[in-house]
Amino acid sequence: MATETHGAEGHGEGGGLVFHPMDQFIVEPLFGYGEVGMFTITNVTLWLFLAVLAIAGLMVVGTSKRAIVPTRSQSIAELAYGFVHKMVEDVTGKDGLVYFPYIMTLFLFIVFANFLGLIPMSFTTTSHFAVTVVLALAVFLTVTILGFLKNGASFLELFWVSSAPLPLRPILAVIELISYFVRPVSHSIRLAGNVMAGHAVIKVFAGFAAIAAISPISVLAITAMYGLEVLVAFIQAYVFTILTCVYLKDALHPHH
Amino acid sequence: MATEPITKEVAGTCVDAGGSALGMPQLCFDWWGNQIFWLVIALVAIYFILARIALPRIASVLAERQGTIMNDIAAAEDLKRKAEEAEKAYDKALADARAEAQTIAQKARDEIKADLDDAMARADAEIAAKAAESEKAISDIRASAMESVEVVARDTAEAIVTALGGKADAAAISDAVTNRMKG
Numbered sequence: 001m002a003t004e005t006h007g008a009e010g011h012g013e014g015g016g017l018v019f020h021p022m023d024q025f026i027v028e029p030l031f032g033y034g035e036v037g038m039f040t041i042t043n044v045t046l047w048l049f050l051a052v053l054a055i056a057g058l059m060v061v062g063t064s065k066r067a068i069v070p071t072r073s074q075s076i077a078e079l080a081y082g083f084v085h086k087m088v089e090d091v092t093g094k095d096g097l098v099y100f101p102y103i104m105t106l107f108l109f110i111v112f113a114n115f116l117g118l119i120p121m122s123f124t125t126t127s128h129f130a131v132t133v134v135l136a137l138a139v140f141l142t143v144t145i146l147g148f149l150k151n152g153a154s155f156l157e158l159f160w161v162s163s164a165p166l167p168l169r170p171i172l173a174v175i176e177l178i179s180y181f182v183r184p185v186s187h188s189i190r191l192a193g194n195v196m197a198g199h200a201v202i203k204v205f206a207g208f209a210a211i212a213a214i215s216p217i218s219v220l221a222i223t224a225m226y227g228l229e230v231l232v233a234f235i236q237a238y239v240f241t242i243l244t245c246v247y248l249k250d251a252l253h254p255h256h
Numbered sequence: 001m002a003t004e005p006i007t008k009e010v011a012g013t014c015v016d017a018g019g020s021a022l023g024m025p026q027l028c029f030d031w032w033g034n035q036i037f038w039l040v041i042a043l044v045a046i047y048f049i050l051a052r053i054a055l056p057r058i059a060s061v062l063a064e065r066q067g068t069i070m071n072d073i074a075a076a077e078d079l080k081r082k083a084e085e086a087e088k089a090y091d092k093a094l095a096d097a098r099a100e101a102q103t104i105a106q107k108a109r110d111e112i113k114a115d116l117d118d119a120m121a122r123a124d125a126e127i128a129a130k131a132a133e134s135e136k137a138i139s140d141i142r143a144s145a146m147e148s149v150e151v152v153a154r155d156t157a158e159a160i161v162t163a164l165g166g167k168a169d170a171a172a173i174s175d176a177v178t179n180r181m182k183g
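In order, the protein sequence lines correspond to chains A and B.
Heads up: the first sequence runs through residues 1 to 256, numbered per the numbering used here.
Heads up: the second sequence runs through residues 1 to 183, numbered per the numbering used here.
Keep in mind the hints are simulated off the structure, nothing from the lab.
It should be emphasised that the depicted structure is a prediction, and the values quoted were computed from it without experimental measurement.
Even glycine gets a Cβ: it sits at the ideal position worked out from N, Cα and C.
Don't take each hint at face value.
[What the hints assert, rightly or not] Derived SDA-like pairs: lysine to any residue, alpha-carbon spacing no greater than 20 Å straight-line:
1) A:Lys65 - B:Pro56
2) A:Lys94 - B:Ser60
3) A:Lys65 - A:Glu78
4) A:Lys94 - A:Gly82
5) A:Lys65 - B:Leu62
[To be verified] Pair ranges (Cβ atoms, derived):
6) A:Val182 - B:Ser60: 48 to 56 Å
7) B:Met24 - A:Gly227: 21 to 29 Å
8) B:Met24 - A:Glu176: 27 to 35 Å
9) A:Ile68 - B:Leu27: 45 to 53 Å
10) B:Ala83 - A:Tyr226: 52 to 60 Å
11) B:Ala17 - A:Val161: 16 to 24 Å
12) A:Val174 - B:Ser60: 45 to 53 Å
13) A:Arg169 - B:Ser60: 43 to 51 Å
14) A:Glu176 - B:Gln66: 38 to 46 Å
15) B:Arg65 - A:Pro165: 46 to 54 Å
16) B:Leu22 - A:Pro165: 46 to 54 Å
17) B:Ala63 - A:Glu176: 38 to 46 Å
18) A:Ser215 - B:Leu22: 23 to 31 Å
[To be verified] One-sided excerpt, in silico: chain B residues whose CB lies under 8 Å from chain A:
19) Ala21
20) Met24
21) Gln26
22) Ala42
23) Leu43
24) Ala54
25) Leu62
26) Ile104
Work the whole structure out from these sequences, hints included.
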């Protein structure tokens, strides 16, 4: 076996089917081999950098003409702007628009990371819990701190459901509190889980392509999964963003 | 198999000797530090690119477009109003011209009528004068003719009477002729 076979699906000895659907998620140094330290330039670095580059390309280079009648790329940039801007305004209200740049950052990063991850042989940064947990925790901490800063102790009324009968309120408070702390967990696992699962399934189907009899079905299945993944790539970014908006709304207006 | 993957083995506890993942690479915490470090850098970079350059630019472009559209609509409204005004002015001018034409025509008609009346009156007077003159001439002629008839009648009567062997009494004949003439 040659060294290059590392990471290729279905490699193994004796011609048996061996799947390595998770190999695509391995973090490795970009130049040479060795320990992955904190500051090592890895494939993660490369694909994060490409995401930044793509975002800058669309949002800065694409809009550089500042045309009244927009060009194609400027149109897309304006569409993304309008999409997120409207989402923030609709969900959190006018006072939430201060946080629009943060939410736009999250949305664009996730969208671009997801779609870059759909390029064959690429590395999907958003399929890693390390990435999504940081994103979700950042949202969770920001929202919680902001809630207390804006509302003081009355932010805790978020957990005290005043519309419920009095005896039920302590029980509901416990449930609300648990659900509040589960938020970052579900927030992060939803994104990484969806992306990772789709990519792994595609790899599994790709492994089956080694058998000639099944390979047409395998190719069809990969195509179908890829289509689904394109949807998932956008929908998960949208879901992550709109949940961020909903959490932000709780912080700004805890009394519903 | 034993020689090549040596380089891989140093990758850590998350990769097996063949370079394949052991379990989920997502849960390999050896790699988290690296991912988080670069992620934070990427997010900060994206945030500054968006907040400093892209978002204000797009916002200004959108506002400018909104302004342009508003201005264009206002200008269109203005032009429409102007067109309406111009139409109104045109209609008014048309009506004025029509009225003026009417007065001019009326005036001309009146003048012509006055001239005509004048000429008619003059002609009438002339005709009347001529008629009176003619009448006088006729009556003169008639009178003179009557006289002549009387004279002729008297002369004739006298001649007849004389011819019949009578003695013509001038006075009697004259009376008789006058009586006959009356009758």
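Hints, one by one, checked against the model:
Restraint check for A:Lys65 and B:Pro56: satisfied, since their Cα atoms lie roughly 14 Å apart, inside the 20 Å limit. Distance check on the hinted pair: A:Lys94 and B:Ser60 sit about 18 Å apart at the alpha-carbon level, within 20 Å; holds. The hinted pair formed by A:Lys65 and A:Glu78 meets the criterion: a straight-line CA distance of about 13 Å does not exceed 20 Å. About 14 Å separates the Cα atoms of A:Lys94 and A:Gly82, which keeps this hinted pair within 20 Å; it holds.
For the hint linking A:Lys65 to B:Leu62, the alpha-carbon distance of about 13 Å falls within 20 Å, and the restraint holds. The hinted window of 48 to 56 Å between A:Val182 and B:Ser60 is violated, with their beta carbons roughly 41 Å apart. Here the CB-CB span from B:Met24 to A:Gly227 is close to 25 Å, well matched to the stated 21 to 29 Å. A hinted range of 27 to 35 Å holds for the C-beta pair B:Met24 and A:Glu176, which are about 32 Å apart.
A hinted range of 45 to 53 Å holds for the C-beta pair A:Ile68 and B:Leu27, which are about 51 Å apart. The hinted range of 52 to 60 Å is satisfied by B:Ala83 and A:Tyr226, whose Cβ atoms lie roughly 58 Å apart. At roughly 56 Å, the beta-carbon separation of B:Ala17 and A:Val161 lies outside the given 16 to 24 Å, and the hint is violated. Look at A:Val174 against B:Ser60: about 49 Å separates their beta carbons, and that is inside 45 to 53 Å.
Between A:Arg169 and B:Ser60 the CB atoms are about 49 Å apart, so this pair conforms to the stated range of 43 to 51 Å. One distance hint, 38 to 46 Å for the beta-carbon pair A:Glu176 and B:Gln66, holds here, with the actual separation near 42 Å. For B:Arg65 paired with A:Pro165, a C-beta distance near 53 Å keeps the hint of 46 to 54 Å intact. A hinted range of 46 to 54 Å holds for the C-beta pair B:Leu22 and A:Pro165, which are about 53 Å apart.
At roughly 41 Å, the beta carbons of B:Ala63 and A:Glu176 sit within the given window of 38 to 46 Å. Under the hint 23 to 31 Å, the C-beta atoms of A:Ser215 and B:Leu22, about 29 Å apart, fit the expected range. A distance limit of 8 Å between C-beta atoms decides the matter here; for B:Ala21 the minimum to chain A is near 4 Å, and the interface restraint holds. The interface hint given for B:Met24 is met, as the beta carbon of that residue sits about 6 Å from the closest beta carbon of chain A, less than 8 Å.
Taking 8 Å as the C-beta contact cut-off toward chain A, the hint placing B:Gln26 at the interface holds, the least distance being around 5 Å. Given the 8 Å rule on beta carbons, the hint for B:Ala42 holds: about 4 Å separates it from the nearest Cβ of chain A. For B:Leu43, the shortest C-beta to C-beta distance to chain A is roughly 6 Å, which falls under 8 Å, so the interface hint holds. Below 8 Å, beta-carbon pairs count as interface contacts, and B:Ala54 has one with chain A at about 4 Å; its hint therefore holds.
Taking 8 Å as the C-beta contact cut-off toward chain A, the hint placing B:Leu62 at the interface holds, the least distance being around 7 Å. Hint status for B:Ile104: violated, given a least beta-carbon distance of 56 Å to chain A, over 8 Å.
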